[in-house]
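**Student:** Put together the whole structure using the sequences plus the hints.
Counting from 4, one number per residue, gives the positions in the sequence shown under the working numbering.
These are calculated hints, taken from the structure and not from any lab test. Be aware that a few hints might be false.
No more than 25 Å apart at the CA atoms, straight line, and that leaves these computed lysine-lysine pairs for PhoX-like [unchecked claim]: (1) Lys57 to Lys23; (2) Lys97 to Lys41; (3) Lys21 to Lys128.
Being a predicted model, the structure only gives us computed values, none of them experimental.
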Amino acid sequence: MKNPIKTYLRNEIEGATKGKLVLLLYDGAIKYMKMACKYIDEKNIPEAHSNIIKAENIIYELMSTLNMEAGGEIAENLLRLYDFMVYQLVMANKDKDKSKIESVIKLMLVLREGWKQIVEQEEKKKLEEGEAKQINISG
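**Tutor:** Structure representation (C-alpha coordinates):
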(Lines of atoms letter the chains of each structure in order from A and count residues from 1; the text may use other names and numbers.)
(Lines give C-alpha, C1' and ligand atoms only; values in the text may rest on other atoms or scores of the structure.)
Protein backbone atom coordinates (compact mmCIF):
# COMPACT_ATOMS: atom_id res chain seq x y z
CA MET A 1 0.00 0.00 0.00
CA LYS A 2 1.32 3.43 -0.92
CA ASN A 3 1.95 6.00 1.76
CA PRO A 4 -0.78 8.65 1.21
CA ILE A 5 1.38 11.45 2.63
CA LYS A 6 4.25 10.66 0.27
CA THR A 7 1.82 10.41 -2.64
CA TYR A 8 0.30 13.79 -1.76
CA LEU A 9 3.73 15.44 -1.46
CA ARG A 10 4.93 13.94 -4.74
CA ASN A 11 1.77 15.21 -6.50
CA GLU A 12 2.21 18.63 -4.89
CA ILE A 13 5.79 18.90 -6.13
CA GLU A 14 5.15 17.48 -9.59
CA GLY A 15 2.23 19.84 -10.17
CA ALA A 16 3.90 22.92 -8.74
CA THR A 17 4.85 25.99 -10.71
CA LYS A 18 8.35 27.40 -10.36
CA GLY A 19 7.04 29.96 -7.87
CA LYS A 20 5.36 27.28 -5.78
CA LEU A 21 8.56 25.23 -5.80
CA VAL A 22 10.42 28.22 -4.39
CA LEU A 23 7.79 28.47 -1.65
CA LEU A 24 8.26 24.76 -0.89
CA LEU A 25 12.02 25.32 -0.62
CA TYR A 26 11.48 28.22 1.77
CA ASP A 27 9.09 26.09 3.83
CA GLY A 28 11.63 23.29 4.02
CA ALA A 29 14.48 25.57 5.08
CA ILE A 30 12.32 27.22 7.73
CA LYS A 31 11.20 23.83 9.03
CA TYR A 32 14.79 22.57 9.35
CA MET A 33 15.95 25.78 11.03
CA LYS A 34 13.13 25.58 13.57
CA MET A 35 14.02 21.96 14.24
CA ALA A 36 17.68 22.95 14.68
CA CYS A 37 16.64 25.53 17.30
CA LYS A 38 14.62 22.88 19.11
CA TYR A 39 17.57 20.49 19.11
CA ILE A 40 19.92 23.22 20.37
CA ASP A 41 17.52 23.78 23.28
CA GLU A 42 17.54 20.04 23.94
CA LYS A 43 21.37 19.95 23.71
CA ASN A 44 21.07 17.39 20.90
CA ILE A 45 24.07 18.67 18.95
CA PRO A 46 24.17 15.99 16.21
CA GLU A 47 20.52 16.62 15.27
CA ALA A 48 20.97 20.40 15.45
CA HIS A 49 23.97 20.10 13.13
CA SER A 50 22.09 17.84 10.71
CA ASN A 51 19.12 20.20 10.46
CA ILE A 52 21.31 23.27 9.97
CA ILE A 53 23.11 21.49 7.13
CA LYS A 54 19.75 20.60 5.54
CA ALA A 55 18.68 24.26 5.71
CA GLU A 56 22.02 25.35 4.20
CA ASN A 57 21.58 22.87 1.34
CA ILE A 58 18.14 24.25 0.57
CA ILE A 59 19.53 27.79 0.49
CA TYR A 60 22.26 26.60 -1.90
CA GLU A 61 19.47 25.20 -4.08
CA LEU A 62 17.71 28.57 -3.98
CA MET A 63 20.99 30.20 -5.03
CA SER A 64 21.36 27.82 -7.96
CA THR A 65 17.88 28.65 -9.26
CA LEU A 66 18.60 32.36 -9.60
CA ASN A 67 18.67 33.61 -13.19
CA MET A 68 21.35 36.27 -12.91
CA GLU A 69 20.87 37.54 -16.48
CA ALA A 70 17.10 37.92 -16.40
CA GLY A 71 16.92 38.80 -12.70
CA GLY A 72 19.42 41.64 -12.80
CA GLU A 73 19.75 43.62 -9.59
CA ILE A 74 17.01 41.66 -7.80
CA ALA A 75 18.81 38.36 -8.46
CA GLU A 76 22.11 39.89 -7.30
CA ASN A 77 20.50 41.10 -4.08
CA LEU A 78 18.88 37.71 -3.47
CA LEU A 79 22.23 36.02 -4.03
CA ARG A 80 23.83 38.30 -1.44
CA LEU A 81 21.02 37.61 1.01
CA TYR A 82 21.25 33.85 0.50
CA ASP A 83 25.03 34.04 0.93
CA PHE A 84 24.55 35.98 4.17
CA MET A 85 22.02 33.39 5.38
CA VAL A 86 24.41 30.51 4.71
CA TYR A 87 27.21 32.36 6.53
CA GLN A 88 24.92 32.96 9.52
CA LEU A 89 23.96 29.29 9.57
CA VAL A 90 27.61 28.19 9.38
CA MET A 91 28.42 30.43 12.34
CA ALA A 92 25.31 29.24 14.19
CA ASN A 93 26.37 25.65 13.61
CA LYS A 94 29.89 26.35 14.82
CA ASP A 95 28.72 28.11 17.99
CA LYS A 96 25.31 26.41 18.37
CA ASP A 97 23.90 29.95 18.46
CA LYS A 98 20.14 29.82 18.18
CA SER A 99 19.83 33.61 17.75
CA LYS A 100 21.66 33.47 14.41
CA ILE A 101 19.29 30.78 13.17
CA GLU A 102 16.29 32.82 14.33
CA SER A 103 17.56 35.87 12.42
CA VAL A 104 17.79 33.77 9.25
CA ILE A 105 14.28 32.44 9.84
CA LYS A 106 12.99 36.03 10.07
CA LEU A 107 14.69 36.98 6.79
CA MET A 108 13.40 33.87 5.08
CA LEU A 109 9.84 34.53 6.26
CA VAL A 110 9.98 38.01 4.70
CA LEU A 111 11.28 36.59 1.40
CA ARG A 112 8.70 33.82 1.50
CA GLU A 113 5.90 36.34 1.92
CA GLY A 114 7.14 38.25 -1.13
CA TRP A 115 7.23 35.07 -3.21
CA LYS A 116 3.79 34.09 -1.95
CA GLN A 117 2.38 37.39 -3.19
CA ILE A 118 4.02 36.90 -6.59
CA VAL A 119 2.62 33.37 -6.89
CA GLU A 120 -0.86 34.57 -5.91
CA GLN A 121 -0.71 37.38 -8.49
CA GLU A 122 0.38 34.92 -11.20
CA GLU A 123 -2.43 32.52 -10.30
CA LYS A 124 -4.97 35.35 -10.31
CA LYS A 125 -3.72 36.54 -13.69
CA LYS A 126 -3.95 33.01 -15.16
CA LEU A 127 -7.44 32.60 -13.76
CA GLU A 128 -8.54 35.93 -15.24
CA GLU A 129 -6.99 35.02 -18.60
CA GLY A 130 -8.81 31.68 -18.49
CA GLU A 131 -12.11 33.40 -17.74
CA ALA A 132 -11.51 35.85 -20.58
CA LYS A 133 -10.90 32.97 -23.00
CA GLN A 134 -14.12 31.29 -21.86
CA ILE A 135 -16.03 34.51 -22.43
CA ASN A 136 -14.52 34.92 -25.90
CA ILE A 137 -15.34 31.34 -26.83
CA SER A 138 -18.98 31.53 -25.79
CA GLY A 139 -19.47 35.15 -26.81
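**Student:** Is Lys57 close enough to Lys23, meaning Cα to Cα at most 25 Å?
**Tutor:** holds, 19 Å
**Student:** What's the verdict on Lys21 and Lys128, does the C-alpha distance respect the 25 Å limit or exceed it?
**Tutor:** Roughly 15 Å separates the two Cα atoms, so the pair holds.
**Student:** Decide if the proposed pair is consistent with the structure: Lys97 and Lys41, CA atoms, cutoff 25 Å inclusive.
**Tutor:** holds, 16 Å
The structure fails none of the hints (numbered hints given earlier).
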